[in-house]
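*Asks:* The listed protein sequences correspond, in order, to chains A and B.
So for the first sequence, our numbering puts the first residue at 10; every next one is plus one.
So for the second sequence, our numbering puts the first residue at 10; every next one is plus one.
In case anyone wonders, no lab produced these hints; they're calculated from the structure.
Treat the hints with caution; some may be incorrect.
Copies of the same chain look alike in the list, so a pair counts if it fits in one copy or across any two.
[Said to hold, decoys possible] Derived pair list, reagent style EDC-like, types lysine to aspartate or glutamate, alpha-carbon separation capped at 16 Å:
# : residue 1 : residue 2
1 : Lys150    : Glu499
2 : Lys345    : Glu616
3 : Lys574    : Glu616
Number of protein chains: 2
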Amino acid sequence: MSLRSTLDFLLYDWLQAESLNQRERFADHSRETFDAVLDTCERIAREKYAPHNRTVDTQEPHFDGEKVILPQATHDAHKAFVESGMMSAAQDYEIGGMQLPFTLQAAANSFFAMASVSIGSNMLTSGNANLLMVHGTEMQKDVFAKNEFSGRWAGTMCLSEPQAGSSLSDVATRAVPDGDDFQDDPLGPRYRLTGNKMWISSGDHELTENIVHIVLAKIPDENGKLVPGTRGISLFIVPKRMVDTEGNLTGERNDVALAGLNHKLGWRGTTNTLLNFGEGKYPVGGKAGAVGYLVGSPGKGLHCMFHMMNEARISVGTAAVMLGMAGYYASLEYAKTRPQGRPAGPAGKDSAKPQVRIIEHADVRRMLLAQKSYCEGSLALSLYCARLVDEQKTGTPQAGDDARLLLEVLTPIAKSWPSEWCLEANSLAIQIHGGYGYTRDFPVEQYWRDNRLNMIHEGTHGIQAADLLGRKVLMEAGRGMKLLAARMAETMVRAAKVPELAAHAKALGEALQRIGTATQAAWSTGDPRSALTNAVPYMQAFGHTVLAWIWLDVAARALELDAAKASAVTTGKTSAAAYFFNYELPKIGAWLNVVESRDPTCTDMPEEAF
Amino acid sequence: MSLRSTLDFLLYDWLQAESLNQRERFADHSRETFDAVLDTCERIAREKYAPHNRTVDTQEPHFDGEKVILPQATHDAHKAFVESGMMSAAQDYEIGGMQLPFTLQAAANSFFAMASVSIGSNMLTSGNANLLMVHGTEMQKDVFAKNEFSGRWAGTMCLSEPQAGSSLSDVATRAVPDGDDFQDDPLGPRYRLTGNKMWISSGDHELTENIVHIVLAKIPDENGKLVPGTRGISLFIVPKRMVDTEGNLTGERNDVALAGLNHKLGWRGTTNTLLNFGEGKYPVGGKAGAVGYLVGSPGKGLHCMFHMMNEARISVGTAAVMLGMAGYYASLEYAKTRPQGRPAGPAGKDSAKPQVRIIEHADVRRMLLAQKSYCEGSLALSLYCARLVDEQKTGTPQAGDDARLLLEVLTPIAKSWPSEWCLEANSLAIQIHGGYGYTRDFPVEQYWRDNRLNMIHEGTHGIQAADLLGRKVLMEAGRGMKLLAARMAETMVRAAKVPELAAHAKALGEALQRIGTATQAAWSTGDPRSALTNAVPYMQAFGHTVLAWIWLDVAARALELDAAKASAVTTGKTSAAAYFFNYELPKIGAWLNVVESRDPTCTDMPEEAF
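Isolated chain A, as found in the complex:
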């Protein structure tokens, strides 16, 4: 199955994306316009991304003392992406967008992620601009967001700091009002920022004439102290180069200096930087301090930032999925063409016979089907979540609100599950290649290295798990969890009528019930410390249950359309579903044991015994 035919099935047959054009916002769209977008992205990814994936791995970004140098291929890929209009595809017509459903945008972007996940970092630019469209002033939208959507400028998100990592309450970057007239700047209340930001992707480069940093910082109180906790955090636009109200560069650098490039295990096409704000290297108006324009209200920065978090986390999940798919296709191709060995048993004893292709070996098939079930399954989940984003934005109030809440619950899974299991898929892709997979002559080792990032950035695995068990399954009196259970129940009812799926439907029901029991048991003491002790095993079990549901739903749909299993598409879906139910779902028992017992083995161990 090619990626395109997999997407076609999931988008049109399963999610019925075509029906979105019955909504006013998408009324100009049709299957034809959707297909045209997919065609274009598939072509650009094939021509401008895929051939250079190894190039960006070997020619890492470097700093020549003045500029960050990237391979020409990265410039070309950026240009092609910008020209495609995908940066603002989901935006309103009036600011140059196509009003494309997010579902389609997500599907289209998957081609780029599969071809070269690190050559582009457009998600950050569009995410940054999307945030400004919601929280920025009209002037900020005009000057900053529109120039990002057009691809003229790029964007970043500057959250982490060296001393704080994921702990945003410990952000120490300071923002002080810039002069008595600081409130009067047409670009927004003007501050001067000082501090260091770590892990800033695309924090410096020459792909665009300017970079728009969105920076979390704290405004000191009247005593000059930073407010502890996340309440004190505000959000600022800090351009790399100063601009006027027309969006022209003034010719002056802002006081943002590259302090270092991070040299990574993978994902090397994207610069990752340590930035110093306000160290005085590039004084503005003769004065040290990076000029920043406040977005939204002081102290509400994290609230604004979280606006872009769900989409960013789904995008990270999709990146993990597509790296998994890339490895799946590479190893499938290899398995179909590489002759080696003979079948087990008497039939294989005759070594005078030619060797068979390795796809004929049971264990290679197992590794292929595992990959297919991990990657196609989580691609389906990813698109399902994208479809919820569209529902949230364009559905009826009730449907929109349900979608919002379902997204809250599913986002930690959409982010964490592919990060873990599509990484495992990449390891299986290496394994199928044998020694060749361990060499840099084949692409699979790079996919594996690239994919290892996804359990770390945009909230680590541990943070996703604490979010899921500590917040998402509880919020609004557990209504999100109930909504999800109701969706699963709908699927189970449909599947229970299909002989091939009835046993799976029953197994899903049991898994769901056990998740419910485990959730209650975890929280039975009411103490977050003991409830969250085994949050990661909980998330793993929850994720496997969600994926089992997705596979059941996908397989049920395939059989509705093709009860005779006449097509390979249908057999592929039912086999991958069977794999998931037989080989994967039973794993949840081990994970939930420790959740239910609030197993304290790890927390109780004295430090000196490690």
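Using the hints provided, position chain B relative to the given structure of chain A.
*Replies:* Just chain B, lined up with the frame of chain A:
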């Protein structure tokens, strides 16, 4: 717990290695001589290996057109290792060895593997020489083995070929008698070899003045045809440079040419080569064809080769273990020193309080304890297997034979289990480091890359699994399996009396019973194809059961010595055992489900449905 104190516990308190000096072969040894060896190896590893582990990763071997160039550090490490006498530590005094038990040699070598797994490849040299000591003529031992043990020459194993990979029956390298007097060469019956060998570690370098290749090749029959299958395989010594019967270089190159270096994901300190034998680049006596001296009888090559396979596979397992340990120690140190965030729950809400060290977070502790249980547990298994090697060589006939058979069953686990789970440990070590772990400024990403090799070389995961379920648990009417079950039963009986371990003992009994049921169910049709369909999940479950047993035994011993759990050593062992029984052992259910049902989902899937 430092590695040294962990080894001390396992060697002396658990395996009672000191008692080996009651055997004649080891009579000169004592705890003092054992400790001296450990001290020396620990020091060399610290001084000559560890500081250069990153160097050998970044300065990959390269070919200047004439020679393979390695960093100076690799030469220095080689020299220090040779001078330590460890190359022949387990050999007889009369050939310059120390008659050290293999158990101690394995423990001592673990320091090197942890410090830099790829800077040395001494295991190949000593394995090669060990093979010649068993199967070679006196002259072959004198000329080749002794010069390898002394470190003057190095050794390789040349099995794989580009067209055959793991399928040794398809070896196509030809060996034809070299002249009418070919039988009369004092170095052994002389042949000329032609063929290509792939994945040859240390296949070319300048660390030593010569390289002794041990090569699998086929002698054509009277019609000039190669015998199909493994029956036709013979074994040859093929030196890189020609030598005389005194072990002097004659000055002539043998016809072995470097055809390429493999550029790998990790393990970069060791050259890995494609070698062309007999292509005529270095004609010997004016004639193309690599000169090779037959070892043992024609057609018995694989039998000779398998002699070194068990030890080599245990060594691969140990390498995987020690990479895991390296990551464990690095992440433990990081977790103890890195402040970030605050505890979950009300106690952590006060962000005016300083951040805590991340070892105080439940999920970080879980990731540390998982690593400890994977790595210390498999280190114990590794040393247990090494102890069996000693038993096989120096025990009573009955004990020796039992040890031999237990080794047959345990070797696939000792090789595969750490390859999979200590790799997972390395991933957890990265995760604990967060973004830093993803950079090349910290060592953990390299451990993870290096470790990925271990599921591939010396027989892939799939091959180990087929060996275990297809051969080892069946051989000699299942006696190996029964011996293992009896050992486990002994442990269970002891542990059942200890309140803290009684539940674990029961769980192990159930797991063992389930392994037995699954083994029977897999083979119930008698058809190897269906029995072996899920050989890898079988091996995973088998491995987890073995590790649970090892942990139970280790914990029982720790409590025998320190019932009050007064020491951190004891608490560490009982906690790691509890982790393994609570979090890991329950995973076997999911794996065994598919084994018992001989689940055909993967084999039945039509190829076009992938």
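*Asks:* Does each hint hold? Answer for all of them.
*Replies:* So, going through the hints one by one against the coordinates:
Taking identical chains as interchangeable, the C-alpha atoms of Lys150 and Glu499 are never at most 16 Å apart, the minima being 42 Å within one chain and 74 Å between chains. Proximity of Lys345 and Glu616 under a CA criterion of 16 Å is satisfied inter-copy only: 9 Å between copies versus 51 Å inside one chain copy. For the homomeric pair Lys574 and Glu616, the shortest alpha-carbon distance between copies (14 Å) is at most 16 Å, but the shortest distance inside one copy (57 Å) is not.
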